[in-house]
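Colleague: Using the sequences plus the hints, can you model the full thing?
Here the protein sequences line up with chains F and Y, keeping their order. Using this note's numbering, read the first sequence as starting at 1 and increasing by one per residue. Using this note's numbering, read the second sequence as starting at 1 and increasing by one per residue.
Just so you know, the hints here were simulated from the structure itself, not pulled from any lab data. The model shown is predicted, which means the values in this text are computed figures rather than measured ones. Just so it is clear, CB atoms sit at the ideal spot from N, CA and C, and this is done for glycine as well. Please note that a few of the clues may not be correct.
[Claimed, not checked] Result set (DMTMM-like, lysine to aspartate or glutamate): computed pairs, CA atoms no more than 25 Å apart in a straight line: (1) F:Lys24 x F:Asp62; (2) F:Lys246 x Y:Glu196; (3) Y:Lys23 x F:Glu190; (4) F:Lys24 x F:Glu43; (5) F:Lys114 x Y:Glu91; (6) Y:Lys13 x F:Glu64; (7) F:Lys180 x F:Glu248; (8) F:Lys14 x F:Glu87; (9) Y:Lys137 x F:Glu247; (10) F:Lys161 x Y:Asp170; (11) F:Lys218 x Y:Glu142; (12) F:Lys218 x Y:Glu168; (13) Y:Lys112 x F:Glu190; (14) Y:Lys13 x F:Asp118; (15) F:Lys191 x Y:Glu168; (16) Y:Lys13 x F:Glu87; (17) Y:Lys137 x F:Glu41; (18) F:Lys213 x Y:Glu142; (19) Y:Lys23 x F:Glu41; (20) F:Lys218 x Y:Glu110; (21) F:Lys90 x Y:Glu89; (22) Y:Lys13 x F:Asp210; (23) F:Lys220 x Y:Asp170; (24) F:Lys42 x Y:Glu20; (25) F:Lys24 x F:Glu57; (26) F:Lys27 x F:Asp62; (27) Y:Lys94 x F:Asp118.
[To be verified] Here are some, though not all, of the chain F residues that point toward chain Y, as calculated from beta-carbon distances under 10 Å: (28) Val44; (29) Asn67; (30) Leu77; (31) Glu98; (32) Lys99; (33) Gly168; (34) Pro199.
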Amino acid sequence: MLRPRIIPTLLVHKKGLVKTECFKQSKYVGDPINAVKIFNEKEVDELIVLDIDATVEKRGPDFELINNLAIECRMPLCYGGGVTTVEEAKKIVELGAEKVAFGAAAIENIHLLKAVGDIIGLQSVVVVLDYKCKGLFNKLELFTHNGTKSTGINLFDFVHKLNEIGVGEIVLNSIERDGKMNGYDILTVEKVRNIFRGPITVLGGAGKLDDIKQLTNKFKIIGAAAGSLFVFKGKYKAVLINYPSKEERIK
Amino acid sequence: MVTIVDYGSGNIKAITNIYELLKIPVSVATKPSELKDAEKIILPGVGSFDYCMSKLNNSGLKEVLNRKVIEDKTPVLGICIGLHIMARESEEGKLPGLGWIDGYVKKFDESKLVFRPKLPHMGWNSIQVKAMPELFKGVNHEHGFYFIHSYYIELINKEDIMTITNYENDFVSGINRANICAVQFHPEKSHSNGIELLKNFSQLKYVTT
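Modeller: See below:
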């Protein structure tokens with residue numbers, strides 16, 4: 001039987017790993033390759049690595065880093081950050097990542113996704129949607145450039161378009177819940193689930209295993225992604241990479 | 001010695017890493033001379049069907065690969081699109097496949113999938129082993145392997161089935177005919193189960209016919 005995926009999400013900033021809160025106040029949590037080695041030992045379902053500097057610095061993906069990550073990963077790897085062309089996506093897959101994530105580039109030019117899909121297969125095309133409430137009516141709007149750039153695009157309108165294209169996966173990332181460890185934005189997931197027919201991964205807010213359980217109980221086959229939960233331990237947030245054991249995951 | 005066909009598609013480094021970890025000799029073939037004496041062959045593949053087929057057609061490796069597999073009966077293990085290209089053709093592309101296996105690659109029928117998500121079939125799923133148990137020695141069938149695909153093989157001969165997986169409906173997730181084996185999932189990305197499978201392949205002594 002197909003199982004829900006529990007996915008540590010690592011943010012790369014200045015070659016190191018960081019964890020943010022509401023996309024700000026980044027805290028150094030370790031070395032990317034070392035983290036992958038630990039996650040290998042813990043047999044994690046999948047890994048997402050996002051370079052949060054690339055788009056802001058207007059540069060392409062760090063292929064050296066991707067190469068080093070892919071060599072180490074014994075689990076599927078999804079890489080995102082600064083990918084704007086078909087060539088870059090193709091190279092990332094050739095280096096050994098299973099999936100390529102698009103953020104700003106997909107929002108600026110949605111046709112890119114179809115072109116990339118023709119080469120690497122649409123199943124490997126992932127779109128990360130960073131969203132937060134905005135305006136008088138609390139509409140959910142998409143943001144890019146680490147949450148600093150407002151796009152004026154409504155989350156649900158954009159999900160409709162992604163559904164038409166048939167992209168491989170959506171990563172729903174709540175900016176307001178990032179690093180808060182207060183639970184996932186279930187309401188928004190439900191609305192997106194009704195629009196998008198493909199796989200969804202939810203990021204932002206997981207603070208305990210029960211948050212993941214709540215998500216997977218409700219939506220069954222879904223990706224439960226988390227940053228803080230898998231890199232911090234205890235109320236003082238000491239850096240300690242952790243992940244539920246196989247037995248805990250089956251519960 | 002296991003030789004991985006490097007025609008420009010597939011996660012070659014992830015596979016060589018595992019063999020290096022296991023201290024099992026492994027080589028990568030980018031030209032015919034590196035493939036012609038192979039004892040075991042791995043045919044990987046990621047991307048779309050036509051992308052992989054055109055890469056293989058232009059690699060200069062296809063002729064020797066065909067000879068090794070069809071005439072010399074060298075054991076071969078296909079992975080993901082490496083399985084698809086063993087078939088006659090695919091709904092995903094226009095180019096003909098290698099035609100080693102009597103089968104056609106089809107897209108899952110979304111109208112038959114009741115629940116969401118529909119496609120791709122992605123994540124960790126179990127397997128039922130129907131043939132070649134020696135390849136799955138030490139593998140936890142229930143825990144299974146990592147899948148990411150929207151297309152699957154429909155076999156003409158049911159005796160070619162090696163493993164079955166359920167995604168609302170059963171589909172063929174592994175095939176076996178004589179020296180040819182292939183899996184839809186990614187052993188190189190499936191932790192200890194994948195490591196066991198790759199190890200078992202390197203140690204296969206007898207090929208069931």
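Colleague: Are there hints from earlier that the structure breaks, and if so, what are their numbers?
Modeller: 3, 4, 10 and 22
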